[in-house]
Amino acid sequence: MDDGIKLGTPLDISHDDVERALLEYAKDEPAFSDAHVPLRNAAQRAAAELNRVLDVDVLEMLRRGWATVPAVSRAIQLSAVKKAPPVIIRLDEHCVSSTSHLVLGIDVAQKPLPELRLALELKADVQSATLAVREGRIELVALADASVVARLKYKSVLLKEHASGVNGAPRDPFRNQPAASERRTSVDFYI
Amino acid sequence: MRAKRFLTTLGFAVFAASMTAVVAQQPRPCSSVPPTERAAARASGACGDIAPIIDTAPQNGDAASASLPVSSVVGLAFDDAKGRLTRFQLRRSYRPSAEPGGTVLEQQPAPPARLPAGAIVRVVLSDGTLRPPPKVAASEIDEPRPARAAPPVQQPQPAVANVPPVAAVIEPPPPASTSREASVQSDPPLADLDRLAVPNVLGMSEKSARTRLGRYRVELRERPSSAPAGHVIDQDPKAPARATPGQSIRLIVSSGPANNRAAAIAQKALPPPISETLELANVANRSFDEANSALAEFRVRRVEVAGAAPNGLVIGQSPAAGSMVQPGSAITLQVSDGSLAAPVTTGANTPAAATSAAATAAANGPVATPPAATPPAGTTVAPTPAVTTPSETTPAAETPPAAASETSPAASAPATPEATTPEAAPPVSTTEPSVSEVQQPAEPSLTALMPVLGVGALLGLALAAFWLARRNRSSGEMIDIEPTINLPAEPDVAIAPDPEIRFAARVEVGDAQIEFIATSDTADADLDDELDSEEATIEHSGDRHG
Chain A
11 MDDGIKLGTP LDISHDDVER ALLEYAKDEP AFSDAHVPLR NAAQRAAAEL NRVLDVDVLE
71 MLRRGWATVP AVSRAIQLSA VKKAPPVIIR LDEHCVSSTS HLVLGIDVAQ KPLPELRLAL
131 ELKADVQSAT LAVREGRIEL VALADASVVA RLKYKSVLLK EHASGVNGAP RDPFRNQPAA
191 SERRTSVDFY I
Chain B
43 MRAKRFLTTL GFAVFAASMT AVVAQQPRPC SSVPPTERAA ARASGACGDI APIIDTAPQN
103 GDAASASLPV SSVVGLAFDD AKGRLTRFQL RRSYRPSAEP GGTVLEQQPA PPARLPAGAI
163 VRVVLSDGTL RPPPKVAASE IDEPRPARAA PPVQQPQPAV ANVPPVAAVI EPPPPASTSR
223 EASVQSDPPL ADLDRLAVPN VLGMSEKSAR TRLGRYRVEL RERPSSAPAG HVIDQDPKAP
283 ARATPGQSIR LIVSSGPANN RAAAIAQKAL PPPISETLEL ANVANRSFDE ANSALAEFRV
343 RRVEVAGAAP NGLVIGQSPA AGSMVQPGSA ITLQVSDGSL AAPVTTGANT PAAATSAAAT
403 AAANGPVATP PAATPPAGTT VAPTPAVTTP SETTPAAETP PAAASETSPA ASAPATPEAT
463 TPEAAPPVST TEPSVSEVQQ PAEPSLTALM PVLGVGALLG LALAAFWLAR RNRSSGEMID
523 IEPTINLPAE PDVAIAPDPE IRFAARVEVG DAQIEFIATS DTADADLDDE LDSEEATIEH
583 SGDRHG
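Residue numbers (this note's numbering), protein chains in the order written: chain A, 11 to 201; chain B, 43 to 588.
No lab work stands behind these hints: they were computed from the structure. Backbone N, C-alpha and C fix where the C-beta goes; we use that ideal spot for every residue, glycine too. Do not take every clue at face value.
[To be verified] Label-pair distances were calculated between CB atoms; the ranges are:
(1) A:K165 / B:D553: 31 to 37 Å
(2) A:G175 / B:P153: 45 to 51 Å
(3) A:D22 / B:A372: 33 to 39 Å
(4) B:V494 / A:D22: 58 to 64 Å
[Said to hold, decoys possible] So the derived list for chain B, only partly shown, Cβ under 10 Å to chain A, looks like this:
(5) R137
(6) P138
(7) A140
(8) V345
(9) A350
(10) I357
(11) G358
(12) F545
(13) A547
(14) R548
(15) D553
(16) A554
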């Protein structure tokens, strides 16, 4: 379960996306305008470099969001200091969003140009999730009907948008069963 | 000529007078009238609209009743906020904060916004995890815990993985009847009401720290440290402890790096370095010196990059502004070397432009001067600036305009406002009147000749192209006289990798936020209760399986 869950289809950055980003960036950064043409020829390599680091682990993003829920946060803290069986927490319908940055450093003739910063927005809509909190960590037990939208932007310019389901997690076996006491978050048993 | 100049001046004067009269006849704009009186004033002609306006003042029609005012709920508990915003859908998310759990920290939209009924209002609630833990007297530690009370813990870590062990803090027993419980400092005790949170002054200069701690008495001590001298390296009590105004706060100020062995040994015996973090200021578009002083708490590393910004200007920083960084961490500033300033040739051959361009070149730093840059004999030429900082450059004010425009490519640099200062061109101003008087008679004839010269040049070019094409055709060669279009390189075409261009990508992971989707008030209330009382549920699980 800790292998991580990925976007159903990878967010593949193409040389076109890089070219568009460079074009927009050159408007803001005149230093780029001179090096724009040779950089366009190298856009394929830049795209490959970006794809290399762009390993979208949706589970890690979801974990950071789940950790902000007070119930989960306190369970994490408790399990970090006290050896105990895992605590199972079920979260009903929610949305986790995060914004990370893809930063492309560019050296032309061993001279660095200003970095190109692209925003990677991830938004996951989760129908329900069942988590196990153990030893200060969140483990995903089950995830039901989750979808992720990934957007790659340069400032407000949308370069790529990709919607996908998530792979790597089983369906929630409790999805048709109401949570304990009809509450949307429940912490009620060990495994 | 004088008559022509007189007529021109007279024409301008008449035009200006007529415009002044037209403006004076305009009624005052309706936007300056209070909204409640605007309609009446507009109807009576007391005010006028210069241009069609969209009046945003509240009207008494249906449009106003279709939207409802959004009340301010910041600072309220979530339940109270729900009570105030019953006509809207509430979406909430949580954020670590020192405010009590469930307190509204932000709302969007904020008043005085108006929304239709049922619209979404987002609120950010405190999860209360950054509240200081309650203190317990040592004698109370062995007290049996209440059955359903889980021990709260200190300072939750936002990162999920590798959460370091945190010392558990024993929660005070519930208010009951034993006399020993009187020794327990409950949270918050009544005595804390007049105590204020001590601000964090770590990393600040002594002066700033004193200003920040104005309500308290400051005790200073010095200690050798690798931090800059005069900066606070420790404080007691630390933030966010509470203290009564007037209470003494002890500050340890760095006296600079230790010089002798004894001091070094003493420094080793000091407590471990402070792990406080400071928010990184945005220093982009500031000079390196300013940025360096603004980031005094950090180790600043300068990296020169090719840029179009003026030399010495910070054009990038890593980590990014707003990041939380420990004092003493390395901060990399990307400083433009000004070498990629876009050349502008318009007006470069005029004396003023040449002079200002020379001054700009002097201000921008090193400029590659071609070998042919030999000034005319007998002229005084300022030395080519070879230094990198603007403050050390010699103004090129004595450079004659002709020499500047002919000898240095910097003469085509864009003229900056500071380059047009009066002291930049004293020699030029003395000769300007005579030059203009000599050139004035030639202007009409040149203007009249321009179309003729242009047509002649075009005809010449066309004839030359025709002659070249005929010659090549007769010799069996073909020449492509179609204009060539440089298309962008196709990605599928194998392009030899340019070793001069290198890329290095990295990911800067940002924070994540969660938002529960409320479907009804009942469910919301349940969720709220659950989130606020999960300790009891956890303890209940322990009971069941213990």
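Hints violated by the structure (numbers, ascending): Numbers 1, 2 and 7, in rising order.
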